[in-house]
Amino acid sequence: SQELEQSPQSLIVQEGKNLTINCTSSKTLYGLYWYKQKYGEGLIFLMMLQKGGEEKSHEKITAKLDEKKQQSSLHITASQPSHAGIYLCGADSLSGNTPLVFGKGTRLSVIA
Amino acid sequence: SAVISQKPSRDICQRGTSLTIQCQVDSQVTMMFWYRQQPGQSLTLIATANQGSEATYESGFVIDKFPISRPNLTFSTLTVSNLSPEDSSIYLCSVGGIGATNYGYTFGSGTRLTVV
Chain A
1 SQELEQSPQS LIVQEGKNLT INCTSSKTLY GLYWYKQKYG EGLIFLMMLQ KGGEEKSHEK
61 ITAKLDEKKQ QSSLHITASQ PSHAGIYLCG ADSLSGNTPL VFGKGTRLSV IA
Chain B
1 SAVISQKPSR DICQRGTSLT IQCQVDSQVT MMFWYRQQPG QSLTLIATAN QGSEATYESG
61 FVIDKFPISR PNLTFSTLTV SNLSPEDSSI YLCSVGGIGA TNYGYTFGSG TRLTVV
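Protein chains in written order, with the working numbering: chain A, 1 to 112; chain B, 1 to 116.
Take these hints with a grain of salt, some might be off.
[Unchecked claim] Using 30 Å as the maximum straight-line C-alpha spacing, the simulated DSSO-like pairs for lysine-lysine come out as follows: (1) K17(A) with K104(A); (2) K65(B) with K104(A); (3) K69(A) with K51(A); (4) K60(A) with K38(A); (5) K69(A) with K56(A); (6) K17(A) with K51(A); (7) K65(B) with K68(A); (8) K17(A) with K56(A); (9) K17(A) with K36(A); (10) K56(A) with K27(A); (11) K56(A) with K104(A); (12) K64(A) with K36(A); (13) K27(A) with K7(B); (14) K7(B) with K38(A); (15) K104(A) with K7(B).
It is worth saying that the hints were derived from the structure and are not from the lab.
Given the sequences, and given the hints that come with them, work out the whole structure.
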C-alpha cells in the first residue's frame with residue numbers, strides 16, 4: 001500500500017518568513033492532493049498535482065510535484081498567522097475513485 | 001464539486017453505547033469513504049462504502065465495531081459500536097468523483113466524538 005512521509009512534523013515560523021513542507025511517496029504518485037486543516041475544523045482543499053514537474057500556485061502557496069512523481073513540496077511565501085494549521089498531503093491511485101491515503105501531517109504555527 | 005452534510009457535528013457518549021454518524025451528499029456518488037482522526041493525528045481510512053455491496057474495511061477495522069450502511073448513492077451511515085474512551089476521535093466521510101482533480105475530494109465537516 002502507498003505510504004506518504006511528511007516533513008517536518010511541526011514547524012514554527014516567524015510571520016513574514018518563507019517555509020517548505022515536503023511529502024515523499026513510497027510509490028509513484030498518480031494524484032497528489034494538499035489540504036489544510038484548521039485546528040478542530042474540516043479540511044480545506046488547496047491544490048492537486050498529477051503530472052511530473054507540475055507546479056501550481058494560489059495566493060502565497062505553491063505546490064510542486066517532482067519529475068519522478070514521488071515527491072511533492074508545498075511552499076508558503078511571506079507566512080501570515082492565517083496560514084497556521086495542519087497541512088496534509090494525500091494520494092490516490094485512480095483520481096477520484098479510490099480513497100485518499102494521507103501523510104501524518106505538518107503542524108504549522110506562525111508567530112508575530 | 002459535491003457538498004456533504006454530516007451529522008452530528010459532535011457528541012458525548014457513555015462507554016458501551018453506540019453512535020451513528022450520517023453523511024448526505026447533494027449528488028450521486030459511487031464511492032464514499034470513512035475516516036478516523038485521532039487527537040493530534042492524521043486521517044486514517046476506516047472503510048470504503050460502495051452502494052449495493054458490503055463495505056470494504058481497512059486493516060485494524062472490523063464490521064462488528066464499525067458497521068456501515070449505504071442504502072443509496074447519496075447517503076451513508078457509520079456506526080461506532082460498544083464505545084470506549086479510545087474511540088474518542090473525529091470521524092469524517094468523504095467522496096471523490098469526477099471533480100476531484102479540480103476541487104479535490106470533498107469531506108464532511110466531521111463528527112467529534114468524546115466517550116466518557
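Status of each hint after checking the structure:
no. : hint                : verdict
1   : K17(A) with K104(A) : holds (23 Å)
2   : K65(B) with K104(A) : holds (24 Å)
3   : K69(A) with K51(A)  : holds (7 Å)
4   : K60(A) with K38(A)  : holds (17 Å)
5   : K69(A) with K56(A)  : holds (15 Å)
6   : K17(A) with K51(A)  : holds (29 Å)
7   : K65(B) with K68(A)  : violated (40 Å)
8   : K17(A) with K56(A)  : holds (20 Å)
9   : K17(A) with K36(A)  : holds (19 Å)
10  : K56(A) with K27(A)  : holds (22 Å)
11  : K56(A) with K104(A) : holds (22 Å)
12  : K64(A) with K36(A)  : holds (16 Å)
13  : K27(A) with K7(B)   : violated (35 Å)
14  : K7(B) with K38(A)   : holds (19 Å)
15  : K104(A) with K7(B)  : holds (26 Å)
Violation of the numbered hints given earlier is confined to hints 7, 13; the remaining hints are satisfied by the structure.
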